[in-house]
Amino acid sequence: MAEQVFAYIKHDQGVADDSALELIVAAKKIYPDASVTAVVTGAGSDLDTICNEMAATYNAVWKIDNDALAYPNAEVVRKALVNILPADSIVLLPHDTFGMDLGPGLAIKMDSAFVADVVDIEGIDNGTLKVIRQEFSGMASAHVTCDISGGAVMNIRPGVNQPDESKSGGGEVVDKSGEAGDLSTKRTYLEIVEAEAGDVDITKSEVLVSVGRGIEDEDNVEMVFDLAKAMGADVSCSRPIVDAKWLEKSRQVGTSGQTVKPKVYMAMGISGSFQHLGGIKGNPFIVAVNKNPKAPIFQVADVGIEADILEFIPELTEAIEGL
Amino acid sequence: MEILVCVKRVPDTSENEIEINSAGNDIERDDLVYSVNEWDNYAVEEAIQIVDKVGGSVTVVTVGDDESEEVLRREMAMGANNGILLSDDAFEGSDGKGIATILKAAVEKGNYDLIMTGAQADEGAAQVGGMLAAMLDYPYASLVNLIEAGDGKLKVGREIEGGNQEMNDIEMPCVLSIQTGINEPRYVGIRGIRKVASVEIPTMGASDLGVDAAAVGAGAAKVKRVDYFVPDMGEGAEMLEGSTEEIIAKLIEYLKAKGGLK
Ligand SMILES: Cc1cc2nc3c(=O)[nH]c(=O)nc-3n(C[C@H](O)[C@H](O)[C@H](O)COP(=O)(O)OP(=O)(O)OC[C@H]3O[C@@H](n4cnc5c(N)ncnc54)[C@H](O)[C@@H]3O)c2cc1C
Ligand SMILES: Nc1ncnc2c1ncn2[C@@H]1O[C@H](COP(=O)(O)O)[C@@H](O)[C@H]1O
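Heads up: the sequence lines are chains A and B, in that order.
If you're matching positions, the first sequence starts at 1 in this note's numbering and goes up one per residue.
If you're matching positions, the second sequence starts at 324 in this note's numbering and goes up one per residue.
Incorrect hints may appear among the rest.
Unchecked claim - EDC-like mimics (lysine to aspartate or glutamate), calculated; alpha carbons at most 16 angstroms apart, straight line:
no.: 1; chain 1: B; residue 1: K579; chain 2: A; residue 2: D147
no.: 2; chain 1: B; residue 1: K547; chain 2: B; residue 2: E415
no.: 3; chain 1: A; residue 1: K294; chain 2: B; residue 2: D555
no.: 4; chain 1: A; residue 1: K249; chain 2: A; residue 2: E194
no.: 5; chain 1: B; residue 1: K547; chain 2: A; residue 2: E122
no.: 6; chain 1: B; residue 1: K573; chain 2: A; residue 2: E306
no.: 7; chain 1: A; residue 1: K130; chain 2: B; residue 2: D550
no.: 8; chain 1: B; residue 1: K579; chain 2: A; residue 2: E321
no.: 9; chain 1: A; residue 1: K186; chain 2: B; residue 2: D474
no.: 10; chain 1: A; residue 1: K291; chain 2: B; residue 2: E340
no.: 11; chain 1: B; residue 1: K547; chain 2: A; residue 2: D147
no.: 12; chain 1: A; residue 1: K294; chain 2: B; residue 2: E415
no.: 13; chain 1: A; residue 1: K186; chain 2: B; residue 2: E494
Unchecked claim - Example chain B residues on the side facing chain A (calculated, C-beta under 7 angstroms, incomplete):
no.: 14; residue: E340
no.: 15; residue: A456
no.: 16; residue: L459
no.: 17; residue: I483
no.: 18; residue: E494
These are calculated hints, taken from the structure and not from any lab test.
Glycine included, each C-beta is placed from N, C-alpha and C at the ideal position.
In isolation and in its complexed conformation, chain A is listed as follows:
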């Protein structure tokens, strides 16, 4: 029998998350012949839409319909999964704010191994799985082995696997709602508070000068505005600049900030973490300026310059102003 792997399908308002069609690709990297089951939890009619959609791609779909699962509170989802999944299962989740909330605790409750933020999967040898991870904000890659003999929960980095658009699953939807069991928890979901809009909408900008921790000091942020003005660009930033309250949250690019789709993106003193890059879409021309030639941003940039931005930015501004 082919090995069984489960993928948790994230969805919102009847739309499946991008990770939904990526996880099956990761599953097949573990066992090429895997029979992959999509697990879809929720409540109401949206749930059936998602289940039917997933049945086209996955070998089977397990549906868990329960009012307690209307919002995917990881603590509630965990209880349902622990009650329903067979022991020693391999469970795949996206490594996003939901997967981070759910994965580690699920692995403990299922008494299985846990591997976070998997960027690639090399395959299995003797019950041991070999995967690739990154450490130190992407500055070092590592091979990691995981003993999956007692099952595993793995969080797969979003975007690293091309989605499976083949629709060659032909699975059936199985209603597992009756097995969900007691779903009471000590954490109660209340509401979503939407992020506030700022004075500029960087999601509409064609040219962005984006500043990161390399700017070193609040007083230096002004030079970035000078450059942006000379270029006719808007200013965006990485997360540490917002954490330090040097710029407003609405200017943050990344998974927990804005998704931007400019033509040109200038990354100034930004290392290039996956959460930052996750907010850059539409394949812009990326220019990276960084004093560390090994910074991961240079792997995704089109043009790179090894320089100290505190010196480089004023010189570039002056040159552009002189055009």
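Given chain A, put chain B with the ligands in place with the hints provided.
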């Protein structure tokens, strides 16, 4: 409120270029600058602010070696009341589950209402908090960027995609992992460090904690790093070379061609 904050000593990636050693089994550790994991500073600051408001005490704990004591001292200079070092040869090579197992034993030695971790540390795993909560059977919320203390429970905000905030009620005792930006961690000067320089920090090993040495350390680890390597990332960026004038001239040509100048 009695609060325990888990902290880790990590290489400071904003101060160091991380290089892989020639054997490929570790990064170059000589000359590395270490500091407290960025996220943990936010957790300690938040704990101090809660205790300032509602009373209680803040204890910081780390699993590490003798050198890890310095991060406890730093957090005590910030204002944490107590520090505990969990150190034993048997702990070496623990995976996330091993670390959580050790921390669980330390939690059970105390009487804490709230346990905090950072959202993630140097390995980018974001796992220890959630594992610890599940082992303790406490409720858990990750990526917390807002805490309001209530009676027997907390109202917490979790930062989710797009910078939106997911509000939850959570009963205590509980475990929270803290996201950066929740507060502005206070500055610790040399004088603050000096003040706590001679404070006694207790060390506990496997037997003090009642941890079965076979359940932690390299032997128990199901997840193991085999090696570090430099990935073949294809072409990467075209690096502009030459004098600053030449680089800027080339860059401006590119910007003009790509629509980067208006
Ligand atoms: C759940 C979660 C969500 C997140 N969401 C986001 C997000 O939406 N957006 C985001 O950006 N991050 C996000 N992060 C944080 C992310 O992991 C990184 O910590 C962050 O992106 C790093 O920002 P940075 O590149 O500016 O800083 P660093 O990683 O510290 O990099 C600074 C860079 O500047 C260079 N540098 C330093 N000084 C100079 C100088 N003088 N001249 C030139 N270069 C210099 C350094 O070599 C380094 O490469 C998130 C993290 C988590 C856990
Ligand atoms: N060795 C350790 N000692 C104490 N706390 C730790 C240790 N390792 C991880 N943690 C805690 O767990 C959080 C998340 O780390 P990680 O799961 O390794 O990404 C950190 O921010 C710390 O709060």
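Hints and how they fare:
{"no.": "1", "hint": "K579(B) / D147(A)", "result": "violated, 53 angstroms"}
{"no.": "2", "hint": "K547(B) / E415(B)", "result": "holds, 12 angstroms"}
{"no.": "3", "hint": "K294(A) / D555(B)", "result": "holds, 13 angstroms"}
{"no.": "4", "hint": "K249(A) / E194(A)", "result": "holds, 12 angstroms"}
{"no.": "5", "hint": "K547(B) / E122(A)", "result": "holds, 15 angstroms"}
{"no.": "6", "hint": "K573(B) / E306(A)", "result": "holds, 14 angstroms"}
{"no.": "7", "hint": "K130(A) / D550(B)", "result": "holds, 11 angstroms"}
{"no.": "8", "hint": "K579(B) / E321(A)", "result": "holds, 14 angstroms"}
{"no.": "9", "hint": "K186(A) / D474(B)", "result": "holds, 14 angstroms"}
{"no.": "10", "hint": "K291(A) / E340(B)", "result": "holds, 10 angstroms"}
{"no.": "11", "hint": "K547(B) / D147(A)", "result": "holds, 9 angstroms"}
{"no.": "12", "hint": "K294(A) / E415(B)", "result": "violated, 30 angstroms"}
{"no.": "13", "hint": "K186(A) / E494(B)", "result": "holds, 6 angstroms"}
{"no.": "14", "hint": "E340", "result": "holds, 5 angstroms"}
{"no.": "15", "hint": "A456", "result": "holds, 6 angstroms"}
{"no.": "16", "hint": "L459", "result": "violated, 10 angstroms"}
{"no.": "17", "hint": "I483", "result": "holds, 4 angstroms"}
{"no.": "18", "hint": "E494", "result": "holds, 4 angstroms"}
Checked against the numbered hints given earlier, the structure breaks hints 1, 12 and 16 and satisfies all the rest.
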